[in-house]
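J.: Sequence:
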Amino acid sequence: MKDTHLPGLIPAKQWKIYEVLDRPGLILIANPFTKPAQRYWMARCLQDYPKHPNRTNLPDTIMDKFGTYSGHFDWWSIAKTIEDPQERAKLWKALRWTTLGYHYDWTNKIYEEAARNEFPADLEELCRHFAESLGFRGFKPEAAIVNYYPTGSTLAGHTDHSEKNLEAPLFSFSFGQPAVFLIGGPTRDEKPDALLLRSGDVIVMTRASRLCYHAVPKVFPCLESSRERWAEPEAEEESATLATKEVVPAAYAAAVWDDSHRNRGWQSTGNGFADYISNSRININIRQVLNEGENHL
5 MKDTHLPGLI PAKQWKIYEV LDRPGLILIA NPFTKPAQRY WMARCLQDYP
55 KHPNRTNLPD TIMDKFGTYS GHFDWWSIAK TIEDPQERAK LWKALRWTTL
105 GYHYDWTNKI YEEAARNEFP ADLEELCRHF AESLGFRGFK PEAAIVNYYP
155 TGSTLAGHTD HSEKNLEAPL FSFSFGQPAV FLIGGPTRDE KPDALLLRSG
205 DVIVMTRASR LCYHAVPKVF PCLESSRERW AEPEAEEESA TLATKEVVPA
255 AYAAAVWDDS HRNRGWQSTG NGFADYISNS RININIRQVL NEGENHL
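My numbering runs 4 ahead of the 1-based position in the sequence shown.
Mimicking BS3-like on lysine-lysine, the simulated pairs with C-alpha atoms at most 30 Å apart in a straight line are:
{"hint": "1", "residue 1": "K144", "residue 2": "K55"}
{"hint": "2", "residue 1": "K84", "residue 2": "K222"}
{"hint": "3", "residue 1": "K97", "residue 2": "K55"}
{"hint": "4", "residue 1": "K94", "residue 2": "K55"}
{"hint": "5", "residue 1": "K39", "residue 2": "K17"}
{"hint": "6", "residue 1": "K55", "residue 2": "K168"}
{"hint": "7", "residue 1": "K144", "residue 2": "K17"}
{"hint": "8", "residue 1": "K222", "residue 2": "K20"}
{"hint": "9", "residue 1": "K84", "residue 2": "K69"}
{"hint": "10", "residue 1": "K39", "residue 2": "K84"}
{"hint": "11", "residue 1": "K20", "residue 2": "K195"}
{"hint": "12", "residue 1": "K94", "residue 2": "K222"}
{"hint": "13", "residue 1": "K222", "residue 2": "K97"}
{"hint": "14", "residue 1": "K144", "residue 2": "K168"}
{"hint": "15", "residue 1": "K113", "residue 2": "K195"}
{"hint": "16", "residue 1": "K97", "residue 2": "K69"}
{"hint": "17", "residue 1": "K113", "residue 2": "K144"}
{"hint": "18", "residue 1": "K144", "residue 2": "K39"}
{"hint": "19", "residue 1": "K222", "residue 2": "K113"}
{"hint": "20", "residue 1": "K94", "residue 2": "K69"}
{"hint": "21", "residue 1": "K94", "residue 2": "K113"}
{"hint": "22", "residue 1": "K113", "residue 2": "K97"}
{"hint": "23", "residue 1": "K222", "residue 2": "K195"}
{"hint": "24", "residue 1": "K94", "residue 2": "K39"}
{"hint": "25", "residue 1": "K168", "residue 2": "K113"}
{"hint": "26", "residue 1": "K69", "residue 2": "K55"}
{"hint": "27", "residue 1": "K39", "residue 2": "K222"}
{"hint": "28", "residue 1": "K39", "residue 2": "K55"}
{"hint": "29", "residue 1": "K94", "residue 2": "K84"}
{"hint": "30", "residue 1": "K55", "residue 2": "K84"}
{"hint": "31", "residue 1": "K20", "residue 2": "K144"}
{"hint": "32", "residue 1": "K113", "residue 2": "K55"}
{"hint": "33", "residue 1": "K20", "residue 2": "K39"}
{"hint": "34", "residue 1": "K195", "residue 2": "K168"}
{"hint": "35", "residue 1": "K55", "residue 2": "K222"}
{"hint": "36", "residue 1": "K84", "residue 2": "K97"}
{"hint": "37", "residue 1": "K39", "residue 2": "K97"}
I should point out that these hints are in silico values taken from the structure, not numbers from a laboratory.
All values reported here derive from a predicted model rather than from experimental measurement.
Please build the complete structure, drawing on both the sequences and the hints.
T.: Here is the structure:
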């Protein structure tokens with residue numbers, strides 16, 4: 005374990021790391037994030053990553069309903085303006101995924117060079133930090149899928165096998181409400197094992213586990229990830245100390261980092277980050293698409 009540190013994370017040597025013995029290569033890191041850092045990543049996934057030129061599942065019918073040019077639909081900002089809580093919740097629940105970097109073609113199950121945008125610099129730095137700390141030097145974050153799970157939603161069993169490079173690890177970050185994560189074997193015939201993932205937990209799929217079937221059969225609310233827990237202001241002195249001590253990394257969005265430490269955007273009633281996350285889970289999974297030495301498909 006390389007003794008490295010990135011603001012927003014506890015030092016790597018203090019991480020609690022587990023490997024599932026029956027699933028060689030499946031690594032679980034129990035939440036290594038600070039509370040402000042979790043806020044940072046949730047805010048980025050909600051207000052920034054769904055924006056153009058990144059792609060989402062939102063249909064043109066939803067965009068047309070709000071009279072917005074479909075290529076530049078600002079999902080989060082529009083949702084905040086909706087006064088009716090039920091209508092706002094409908095728009096929140098409509099977003100199920102956002103793709104970053106290489107955009108995945110869900111119909112043909114492929115990546116294409118023409119469907120590629122710049123990968124977010126902050127997410128790249130986070131992934132490289134985890135990869136280097138765990139000994140996966142040379143890992144290049146090139147594609148990400150951000151999944152949005154309203155409580156009660158599921159993800160069917162599948163494998164991630166569309167990347168050219170299937171030797172590189174797959175990193176998965178969970179935020180918000182807890183979820184049951186199932187992982188089986190290389191075929192659907194093998195009985196899966198279940199893990200409970202809480203906010204901040206990190207899954208790394210390496211070696212044999214990289215091509216195993218996995219699923220999310222349940223996302224459910226719990227007190228440790230309630231609205232009050234995320235909206236609760238940090239003590240003024242503690243918050244100031246954190247913001248001073250944890251200088252924002254150069255690749256990070258400085259304004260979002262500052263807001264996450266000083267609670268801005270987390271105490272809005274009804275339409276804020278804490279309201280959304282009190283009924284949802286966000287998962288960011290990142291993979292390397294290309295083989296070492298390659299620059300394009």
